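Just so you know, the sequences run in chain order A and B.
Just so we're aligned, residue 1 is where the first sequence starts under the numbering used here, counting upward by one.
Just so we're aligned, residue 1 is where the second sequence starts under the numbering used here, counting upward by one.
The reader is advised that the hints may include incorrect statements.
What the hints assert, rightly or not - Cβ pair distances, simulated, as ranges:
no.	chain 1	residue 1	chain 2	residue 2	range
1	B	136	A	224	25 to 31 Å
2	A	177	B	248	51 to 57 Å
3	A	137	B	326	22 to 28 Å
4	A	15	B	52	55 to 61 Å
5	B	47	A	224	58 to 64 Å
Read the hints as simulated data drawn from the structure, not as lab findings.
For clarity, every value in this text was computed on a predicted model and none was experimentally measured.
Don't be surprised by glycine CBs; every beta carbon is placed ideally from N, CA and C.
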Amino acid sequence: MAKRIDISGLNVYYGSFKAVEDIGMTVEPRSVTALIGPSGCGKSTFLRTLNRMHEVIPGARAEGKVLIDDEDIYAPGLDPVAVRRMVGMVFQRPNPFPTMTIYDNVVAGIKLQGRRRKSELDGVVERTLKSANLWGEVKDRLAKPGASLSGGQQQRLCIARAIAVEPQVLLMDEPCSALDPISTLAIEDLIRQLKERYTIVIVTHNMQQAARVSDRTAFFNIAATGKPGRLIEMGDTHKIFSNPDERATEDYISGRFG
Amino acid sequence: MSQPRTPPNGARDELSMGPAVVAGRRPRGAVWDALFAGLTRTAAGLVLVLMAAIAAFLVLRAVPALRKDTVNFFTATQWSPDDTPPAFGIGALAYGTVVTSTLALLMAVPVAVGVALYLTHIAPRRLAQPMAYLVDLLAAVPSVVYGLWGLIFLVPAIGPFSAFLSERFGWIPFFASDGIFGKSMFTASVVLAIMVLPIIAAISREVFRQVPADHIEAAYALGATRWEMMRTAVLPYGRPGVISATVLGFGRALGETIAVALVLSANYQITYRILTPGGNTIAANIANTYGEAGHNGRGALIASGLVLFAITLVVNLVARSVVARRKDLSGAQG
Chain A
1 MAKRIDISGL NVYYGSFKAV EDIGMTVEPR SVTALIGPSG CGKSTFLRTL
51 NRMHEVIPGA RAEGKVLIDD EDIYAPGLDP VAVRRMVGMV FQRPNPFPTM
101 TIYDNVVAGI KLQGRRRKSE LDGVVERTLK SANLWGEVKD RLAKPGASLS
151 GGQQQRLCIA RAIAVEPQVL LMDEPCSALD PISTLAIEDL IRQLKERYTI
201 VIVTHNMQQA ARVSDRTAFF NIAATGKPGR LIEMGDTHKI FSNPDERATE
251 DYISGRFG
Chain B
1 MSQPRTPPNG ARDELSMGPA VVAGRRPRGA VWDALFAGLT RTAAGLVLVL
51 MAAIAAFLVL RAVPALRKDT VNFFTATQWS PDDTPPAFGI GALAYGTVVT
101 STLALLMAVP VAVGVALYLT HIAPRRLAQP MAYLVDLLAA VPSVVYGLWG
151 LIFLVPAIGP FSAFLSERFG WIPFFASDGI FGKSMFTASV VLAIMVLPII
201 AAISREVFRQ VPADHIEAAY ALGATRWEMM RTAVLPYGRP GVISATVLGF
251 GRALGETIAV ALVLSANYQI TYRILTPGGN TIAANIANTY GEAGHNGRGA
301 LIASGLVLFA ITLVVNLVAR SVVARRKDLS GAQG
């Protein structure tokens with residue numbers, strides 16, 4: 001299921017403002033790639049171009065190439081809706097649908113695909129919640145509102161919702177930044193399990209987290225406020241954190257700025 | 001949110017109730033607080049007193065007339081309170097009131113929700129803003145204007161459409177007709193629908209606008225099309241608000257007086273043939289007959305007003321229970 005992503009010559013604009021410039025990288029299947037860098041360096045913006053979620057923001061556009069297993073997701077005539085069914089996303093703040101039960105949250109994406117057979121949905125709910133390490137905690141209250149869970153449980157519910165549709169790639173935009181340390185560890189454990197089946201790209205401000213969960217790390221930076229963000233360096237996580245090639249990377253990792 | 005109260009240069013912000021004030025013996029704010037609390041309490045109490053006074057007045061004036069009534073007030077369909085012996089019943093009026101208002105909502109709510117969705121999630125911003133303003137403006141137009149428009153334009157214009165409905169769908173009892181159209185309950189419903197549409201649209205728009213961007217993004221990220229996003233995130237979230245808006249619109253339609261009086265040729269019969277002239281509503285009947293009513297007639301009209309009050313109350317209670325039943329999943333986070 002997991003697929004490889006090839007990005008080349010990617011620029012992202014908000015109106016006339018160039019937010020991200022000339023990104024090129026390869027994301028390996030069945031691995032976790034962490035995007036780190038100071039605030040405003042365009043890592044979240046870049047992440048959103050991988051499932052064309054930036055198009056939800058008026059005036060945002062991307063140019064360049066993003067290939068998912070050689071399929072250009074910006075090919076003319078390709079519907080962003082089709083891209084997003086292939087590339088799932090988890091957000092900074094847990095956002096289960098408040099009007100839905102836990103059960104309905106998990107199958108929300110599946111129902112959008114028109115699959116509504118009860119027996120099938122039941123199976124998906126159990127399987128997915130087990131994958132998200134949430135089944136044991138919620139199996140007796142699937143009919144309760146999704147919003148009744150704790151923050152960490154809600155975020156695992158959102159992960160379950162994203163993987164229920166069996167995407168090829170899972171994008172995570174600072175998935176733990178609104179969570180307490182215990183919940184954060186639970187999510188990190190989950191990420192390590194999920195990478196056996198999915199290609200995962202995660203944005204994080206927490207460098208220990210990047211070091212703990214990722215196989216490869218990409219460091220983004222901006223030259224100055226108002227300048228576009230760029231990819232400074234990308235490599236194996238242990239190398240980036242122990243012996244980076246670039247001075248800027250080392251400064252950032254060692255806490256000298258950012 | 002957490003901006004420093006005092007600017008770094010030490011100059012005190014004129015608007016801030018900084019620490020210097022709190023440090024005083026008895027903070028001046030507390031006096032105002034108590035005063036303000038008292039004021040709001042009085043205002044709230046006044047509303048209750050007024051309500052009770054109005055209800056008492058209505059009952060006092062209605063009871064004598066009701067005592068002299070020689071037919072069953074709730075089921076009878078004639079209205080001759082000043083005859084001897086007086087005979088009047090609310091049946092036809094209540095029926096006409098509920099039917100015209102319900103029809104109006106059936107027409108108005110889907111359109112209003114569509115307008116609200118369009119303005120909040122589809123229309124480009126520079127079009128949405130002036131259009132939203134226009135909708136608000138329409139909601140503020142006095143009902144007599146709608147009534148006049150209905151009388152002068154709609155009544156003649158609706159004839160051919162009613163004829164078409166009757167010809168094609170005459171086998172449905174509601175659309176049966178003997179060939180005369182115009183000042184019918186259907187016409188009244190259309191006028192009411194146009195009147196309540198902007199209110200429902202304006203309130204729904206406010207609710208839809210408050211759907212958190214998080215939920216919209218969540219739907220899109222699952223691969224929802226725009227319509228699917230609305231069905232998944234926007235409509236369920238706005239549901240309680242749309243119900244409230246509908247009740248408000250229903251209330252306005254139930255109580256609408258002059259517009260209905262103008263476009264309906266009134267009689268006191270219960271008919272399901274909505275395209276045929278005839279029918280009446282409680283409010284329109286009050287407007288039409290109050291001038292010529294004698295002492296007993298006025299009492300009878302006040303009794304009819306009480307019934308209208310009761311209908312409105314029931315509608316509100318039902319709507320509230322519908323909203324409350326799904327409170328857990330209303331989207332309101334505690």
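Hints and how they fare:
The hint said 25 to 31 Å for the Cβ distance between residue 136 of chain B and residue 224 of chain A, and at roughly 45 Å that hint is violated. With their beta carbons about 41 Å apart, residue 177 of chain A and residue 248 of chain B fall outside the hinted range of 51 to 57 Å. Restraint check, residue 137 of chain A to residue 326 of chain B: a C-beta distance of roughly 24 Å satisfies the suggested window 22 to 28 Å. Our hint of 55 to 61 Å for residue 15 of chain A and residue 52 of chain B holds, since their Cβ atoms are close to 59 Å apart.
Under the hint 58 to 64 Å, the C-beta atoms of residue 47 of chain B and residue 224 of chain A, about 60 Å apart, fit the expected range.
Hint check: violations occur at hints 1, 2; the rest are consistent with the structure.
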